[in-house]
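Visitor: Listed below, chain by chain, are the residues.
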Amino acid sequence: MFVFLLILLSIFIFVEGTLTSLPLVLVCLLCLMIMRRDESIFILAMIAGLLLDILSLRPLGSTCLFFIFFMFLLLLYQRKYEIDSYPFVGFSAFFGSLLFLAIFGEGNIFVESLISTCIGLVLFAGTRLTIRQRQEAKII
Amino acid sequence: MKRRGSIIPIFVFFFVTALILFFFASQGKLNGVTGFFEQVFLPVQRLGFSLSNKPEAVTSESNLREENRKLLTQIAKQKELERENSALRDQFQTTNPSPHKLLPAQLIGLREDGFLIDRGTSDAVKTGDVVIYKDNLVGKIGQASSHISIVYLLTHKDISFTAQTIKTGSLGVIKGNGDSLVILDNVVLSDKLEKGDLVRTKGDIDDSGKGFPPDLVVGKIVSVNKKASALFQQAEVQSLVDFDRLEMVFVVTGN
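Just so you know, the sequences run in chain order L and X. Read in my numbering, the first sequence has 96 at position 96, and its numbers run on one by one without any break. Read in my numbering, the second sequence has 201 at position 201, and its numbers run on one by one without any break.
Next up, chain L with everything else stripped away, as it sits in the complex:
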């Protein structure tokens, strides 16, 4: 599942840099963070942010600053809240997308945030299902 999410992240980087302004990379990083919950997410956030900056003609480092800070905030919350839950994913995807689009995007940021939240929840549902299946397989 982790490899699948990495491949999906690569696809999302090119789709977001070429075709759409939806923050797909952000929601994909969110799912990866919930899956890994370690410092490796910062490396992914940095690389994804740099690539997005190159493809979107933003100043290099601007997007990865946002991603790194956002991932750090979410990692801090894992001690206080159960981050492996739909409400948390929905809330963080929505407000993360809203903030990202407010800084880097144009147009109807509210609608785009809602769409990316839905995509994030679907991704999270797939991630959670796969993790549970693996846990059940281990028990057996």
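Bear in mind the hints are in silico, worked out from the structure with no lab data behind them. Backbone N, C-alpha and C define an ideal beta-carbon position, used for all residues, glycine too. A hint or two may mislead.
Which residues of chain L face chain X? A few of them, derived with a C-beta cut under 7 Å, are [said to hold, decoys possible]: (1) 14; (2) 57; (3) 68; (4) 75.
Sample of chain L residues lacking proximity to chain X, with all beta carbon distances greater than 12 Å (derived) [to be verified]: (5) 2; (6) 9; (7) 46; (8) 85; (9) 90; (10) 91.
Given the coordinates of chain L, assemble chain X onto it according to the supplied hints.
Guide: Relative to chain L, chain X alone:
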């Protein structure tokens, strides 16, 4: 579960690294690195965009639409020739812009307010250069890096230039409002605006060569807003170019 303490130093390291990169990039010191990676990813962007933007199948309707656009452009040119013949002009016009150089550019991505093309500063493209398609004005270069540029469409709120209607000769200012139409504004009430009339650029190139060349077709008037109580009248102008179907444009360089 990881201790919070082990995350903070790693976060600080990555955050500071990103901050340093951002600082140098905003000073323009990383343009070479950015340009190299843009060259590397350009083929992928072109492929991705061409796969997602398949041209419509050639149908009789699309042929008729293309023919209609050509005929409207020819009408605009003919009327302009008629106007030139009726006036006395000096053969060596000092107000003429210097010869144009057209640079073909392929679309490689979409934006809310425009699109990306595969030409940049390494191809002598600079911010403010005009972008056209078959004598129709498309927009201008909003941002240019080494190998990629962002084209702002006519509808962009930063676009503003003088224009004139073909049939009635009314002068006004074209302004983008971020919507799918552009507005021909600041037209005096005594001038006539007709629905269906074509609008062309008046030409406002300054001494440094920046600005919009004259006689480029902007679009067709689709509605007129005239109130006796207002100082000026307005018209909504729709471009003859279907921006959703564009695959290639031309950048006017060397003004």
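Visitor: Checked against the structure, which of the hints given earlier come out wrong?
Guide: Hint 7 alone not satisfied by this model.
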